[in-house]
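Listed below, chain by chain, are the residues.
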Amino acid sequence: MIRLNVNGKPRDVDVADDTPLLWTLRDVLNMTGTKFGCGQGLCGACTIHIDGQPARSCITPVSAAGGKRITTIEAVGATAAGKKIQAAWLALDVPQCGYCQSGQIMSAAALLAATPKPSDSDIDTAMAGNLCRCGTYPRIRAAIKKAAGVTDTGA
Amino acid sequence: MRRRDFLKVSASAAVGGGLLLGFGLPVRSEVRDTLTTNAPFAPNAFLRIDRAGKVIFVSPLIEMGQGTYTSLPMLIAEELEVDVDKVAVEHAPADDKVYANPLIGIQMTGASTAIRAMYVPLRRAGATARVMLVAAAAQRWKVDPATCRAENGVVVHAATGRRLGYGALVDAAAKLPVPEKVALKEPAAFRLVGKAHRRLDTSGKVNGSARFGIDTRLPGMKFAVLAQSPVFGGKLASIDEAKAKAVPGVTQVVRLDDAVAVVANHTWAAKQGLAAAAPQWDAGPNAKVSMTDIVGQLARAAEKPGAVARNDGDAARAIAGAAKRIDAVYEQPFLAHATMEPMNCTVHLTTDGCDIWVGTQVPGLTQAAMMKLTGLKREQVRIHNHLLGGGFGRRLEFDGTVRAVQIAQHVRGPVQVIWPREEDIQHDMYRPYYYDRVTAGVDAQGKAVAWSHRITGASIVARYIAASIKNGVDPDAVESSANLPYGFPDIHVDWVRQEPPSGIQTTWWRGVGVTRGTFVVESFVDELAASAKHDPLAYRIAFLDKNPRARAVLQLAAERSGWGKPLPAGQGRGIALCTGFGSFIGQVVQVSVGKDGAVSPVHVWCAVDCGLQVNPDTIRAQMESGIIFGLSAALFGEITIKDGRVEQTNFGDYRVLRISEAPRIDVHLVNSTEAPGGIGEPGTSCVMPALTNAIFAATGRRIRKLPVGDQARAA
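Keeping their order, the protein sequence lines are chains A and B. Straight run, no breaks: the first sequence in my numbering ends on number 155. Straight run, no breaks: the second sequence in my numbering ends on number 715.
This is chain A alone, in the form it adopts within the complex:
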């Protein structure tokens, strides 16, 4: 049994130490907002925060998260940066199919929390690991800038 702190609540899970947080969240805790995309940390769909830092939950074992604060898409709106990001996503209608967007929002919220006025290059660095097949990239960029209150030059 491992005790996790998920969105501020203690959760005891009976899984092997090497079980990735992704499957622990989705299959054991039934928190399906965090998505499976690739299983190898290549697409970012499973991004969560561990102590505020973005992490790919598909390659992060539960054993690495003991005693740390796990935040998922279900609760990121309770953080200042997450709330701003979600509002900007809504204002610009960023999602299409929406499947990758949990991960996009988690990466963007972590970026905004660490870098309140991100440059295009900051956005590239923080978001390049989050793939989107619907091509929402232009709106993701614009929404991050909107949330940050920086001017979108359209670049």
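Hints in this document: simulated from the structure, not taken from any laboratory. Please note that the accuracy of each hint is not assured.
To be verified - Straight-line Cα separation of at most 27 Å, DSS-like style, residue types lysine-lysine; simulated pairs:
no., chain 1, residue 1, chain 2, residue 2
1, B, Lys86, A, Lys83
2, B, Lys533, B, Lys447
3, B, Lys288, B, Lys705
4, A, Lys117, A, Lys83
5, B, Lys304, A, Lys146
6, B, Lys304, B, Lys705
Given the coordinates of chain A, assemble chain B onto it according to the supplied hints.
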């Protein structure tokens, strides 16, 4: 009421009170007859208004990112006189009769048809309901309905100021005769259609509450991970079942003829169990199949004349007599769909029924296939559709559901079957490899006098909707050339069907035949312009005098791009036109090619004339989407086969564009009152040749084989 009329529009009291309207439409019979035993008219879309005034639209079409769960409610709300936000959308159950897409004939979301198919019927649905609600209010007030009007979910009698909400009128309305004819608004009177409206599905997609098929959670549900024979057509030889079962959480191993699944309490345990099982395979007849064999077959097939799709004049003679002859061969690879939501399906099979939770573009076809597989009756096979985590054609197939049901046949209780990304990539049904030979004859000034195009590849139509094959021609495969927008004097287009080795399955992929054809047509026209030393825009315009909408989008895209203005060294602009799906798209791509040959699309200008616009912001989003999807494919996309197996495995070797690689995109919409066209696919179709034409402009290198890869690198 005559039966025919009843079937066209029917009204009844809804269960629990309220007004229920069913709508019927003629569907394309040749398609329908292949797939269903449908009646000529059937109720089509269901609209329900309850006593609280809530409007529920049971949508025959599924939301997969394209925005139909907003644009279709807009059509209803426009005529019903309610806020768009008041229309709740429900996924339709499987039913090829009731929920047929009128343009296709079965319950299918695809081929960029949503607005084209629903623009009139859903407005009529809204208008019919409104007229009946107004009539019910007028009856209650004992006034002439003509003195009443509907606004914002309320019927108003202007003279007396009386008002009744729709919810208070639904029971009375349900007892009224259905009007045979209702007047629809003229576009000038639209208050919603044509104005950007925020999507209705966004909030669930930003807070994690949106439910995709993979998010199905049921009491007692097990999780299964699947491995299929890595060589197409191979069989399962052996597995170490004991080792699999030794993994904590593993409950069961399911052996199929050509696949194996490990079932467990959670996906990770199943995955670990599958690794421990170390399945061994008998490769079978395809053990040595490689791309050389596949492309060789296509090239040989392309030597012989095919079924004639178009024949104007005598192209062969005109080419023989022309001042110059230009030949090219274009090749386009197998492509995977790589939807962000990997293939998955949840099944609960019992002796008296089969419940299936999945995201599908074809609920009715899926249901029919599962009836066949299980021997159950139609009403026993229940498809619970979900939002799709990407469709792009992948979910026009039900192979994933077949696999899940095959596994569920061995499992007690509900089971969710997940394909690891590697399975998703290696066992996709691919966009077929296409091999196109094109020849033109040009006059002394370089102007084309004849066009001859032989298209060779697999036929999805022949497998999927065989009745659409006419005179041996696959209309999808030849569409772009058979419906060439350019007015060349003599044109010959023929088609040769050549399937890949058995076991390699092909299917629809965003943009379908138009995408493959547009790449060839727009690349070769660009070659003709280059050969004539003409400006690629001017060269095209000269052949578009009978096609003003095509001409206009090209000119608009060019103008916005600064066409003709000098660019820094290593940069170039390429232009392309796409006419398909009832829409006209012109695009200019500006590309930068590094000294190392690295290709970066910098900026894309996209002009769209899709006729009358319903939700302009969705049109913009679909263009952005199509462009990025197409750039991924054109730059990197390629599935290759070696020793009978797919070489690519995951996003590491099946690359898609990242945000850091995405160009700036400017979309310009052309105002039009023409019939609405499709917008889900043409953006993808247009960008591929615009990109490669830009690479030519920047480097002088003509890309005739996709993907671009490192072809822009100096030799």
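So, going through the hints one by one against the coordinates:
The suggested pairing of Lys86/B with Lys83/A holds, with an alpha-carbon distance near 25 Å, which does not exceed 27 Å. Of the pairs offered as hints, the one joining Lys533/B and Lys447/B holds, with about 10 Å between alpha carbons and a cut-off of 27 Å not exceeded. For the given pair, Lys288/B sits about 24 Å from Lys705/B by alpha-carbon distance, which is consistent with the 27 Å threshold. Restraint check for Lys117/A and Lys83/A: satisfied, since their Cα atoms lie roughly 16 Å apart, inside the 27 Å limit.
The suggested pairing of Lys304/B with Lys146/A is violated, with an alpha-carbon distance near 58 Å, which exceeds 27 Å. Restraint check for Lys304/B and Lys705/B: satisfied, since their Cα atoms lie roughly 21 Å apart, inside the 27 Å limit.
In summary, the one numbered hint that this structure violates is 5.
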